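Asks: Below are the chains, spelled out letter by letter.
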Amino acid sequence: MKVTPIQNLGQRATRWVLELGRFTLFTLQVLRISTRIPQRLRRLMDELYGVGVLSLAIVCISGIAVGMVLGLQGYNTLVRFGAEESLGAVVGLSLIRELGPVLTALLVTGRAGSAIAAEISSMVVTQQLDGLRMMSIDPLDLIVAPKALAMVVAMPLLSALFIVLGLGGGYLVGVFFLGVDGGNYLTSLEGAIEFSSDVMGSLIKALVFGVLVALIATYKGVTAEPHSAGVSRATTSTVVIASVSILIFDYFITALWGV
Amino acid sequence: MYHSPVRDLLVGIFVLFGLASIAYLSVSLGGASYRGPGGLELIATFDQVGGLKVRAQVVVGGVKLGQVSAITLDEDLRARVELNIDDQVKLPTDTSASILTAGMLGDQYIELEPGGEEEFLNPGDEIQYTQSALILERMIGKLVQNLGVDSSE
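Heads up: the protein sequence lines correspond to chains A and B, in order.
Using this note's numbering, you'd call the opening residue of the first sequence number 1 and step up by one each time.
Using this note's numbering, you'd call the opening residue of the second sequence number 1001 and step up by one each time.
Bear in mind the hints are in silico, worked out from the structure with no lab data behind them.
Please read these numbers as outputs of a predicted model, since none were measured by experiment.
Cβ coordinates follow ideal geometry from the N, Cα and C atoms, glycine included.
You can trust all of the hints, since none of them are fake.
Heads up, simulated DMTMM-like pairs for lysine to aspartate or glutamate below, C-alpha to C-alpha not over 25 Å straight-line:
| no. | chain 1 | residue 1 | chain 2 | residue 2 |
| --- | --- | --- | --- | --- |
| 1 | B | K1053 | A | E190 |
| 2 | B | K1064 | A | E194 |
| 3 | B | K1064 | A | D198 |
| 4 | B | K1053 | B | E1113 |
| 5 | B | K1064 | B | D1094 |
| 6 | B | K1064 | B | E1113 |
| 7 | B | K1064 | B | E1126 |
| 8 | B | K1053 | B | D1087 |
| 9 | B | K1064 | A | E190 |
| 10 | B | K1064 | B | E1082 |
| 11 | B | K1090 | B | E1111 |
| 12 | B | K1053 | A | E98 |
| 13 | B | K1053 | B | D1107 |
| 14 | B | K1064 | A | E85 |
| 15 | B | K1053 | B | D1086 |
| 16 | B | K1053 | B | D1076 |
| 17 | B | K1053 | B | D1125 |
| 18 | B | K1090 | B | E1117 |
| 19 | B | K1053 | B | E1126 |
| 20 | B | K1053 | B | E1041 |
| 21 | B | K1142 | B | D1107 |
| 22 | B | K1064 | B | D1125 |
| 23 | B | K1053 | B | D1074 |
| 24 | B | K1053 | A | E194 |
| 25 | B | K1090 | B | E1119 |
| 26 | B | K1064 | A | D181 |
| 27 | B | K1053 | B | E1075 |
| 28 | B | K1090 | B | E1113 |
| 29 | B | K1053 | A | E85 |
| 30 | B | K1053 | A | D198 |
Selected chain B positions facing chain A (in silico; Cβ < 8 Å):
| no. | residue |
| --- | --- |
| 31 | D1008 |
| 32 | L1010 |
| 33 | R1055 |
So here's chain A without its partners, still in its complex pose (with noise of 0.2 Å):
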């Protein structure tokens, strides 16, 4: 029987849906898991390996690079105005409610939320997941919970080193370079830089994005089709939609908390 163009856009949005459903069970089941990671301690520090550590030198570099560049382009934006001395407002405030977690979420997807998603699917190719079940143990247990936690526990930290950096960046520029005063720079620092708004809003920012490509990575991972195809196919779509996705939902929490 031939399908109408209707009926194909019905039987997307069915998929759709479904797929939307799917992946609220995977999130609910992962979460109850989550609750028992005491035991599984051994396997977080593993993984925090993977996630954290050996993200460190791509988020460190790109931190002081991205700290730099606005360092040089705020200067020469306030030069202007004679304003040069409020530097060290412009680079911090940039870096910390949108810069850091932003770009820290995206390089952190690139480099670990794709690492997960290809291990995990590679392990869907082999049947190892479904030689773990046939043991009778839960691979959401040994392998996604571990793995998804990780990514949380992980992003606000590498998001506040990439911060830091940042500013280092941005005062090396400002102040050795282009000849801004140190204390100047500090001060508006400090200055423009609130606690409640500026400074939890960036960690509340990065643990979301955490969350995020958490899920997305992992659920990328289980629901792999079996074949090589499928591995490449749960990596790029990881990296695409946790991208996407982190951009949007950048949007929503500074629209509604305004950090």
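Given the coordinates of chain A, assemble chain B onto it according to the supplied hints.
Replies: Leaving out everything else, chain B in the frame of chain A:
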């Protein structure tokens, strides 16, 4: 799985540096520790606070002593500003408060000028003598008006 101690050490260092960064952002930059109670709370009422904001500086003789903790309207529709300053400082009861601007377009802050009374302000007391913020636009407006009057004569 083999667990290497070096790996655990690296994870530990990573977590430590991350937490240190969060602490630096919160305490040193965000001033999370500075807002604790125990400071001296004073109240000052102004007709006009201009662009004064919560967390603006409160200074005596140019030295920072505290910050503005709240700005509200009282029942007479005047601006009621709460100041939170260092409780080690003893201010005379005839201290005056004025809202000043740092530089031409800078942030506004409150300057306290101690008087000569023997008695000191207690927590919750109101500062009697206040001077409102000067608003640049109004001053320019008046200036232009006056100039207009002068030239028409």
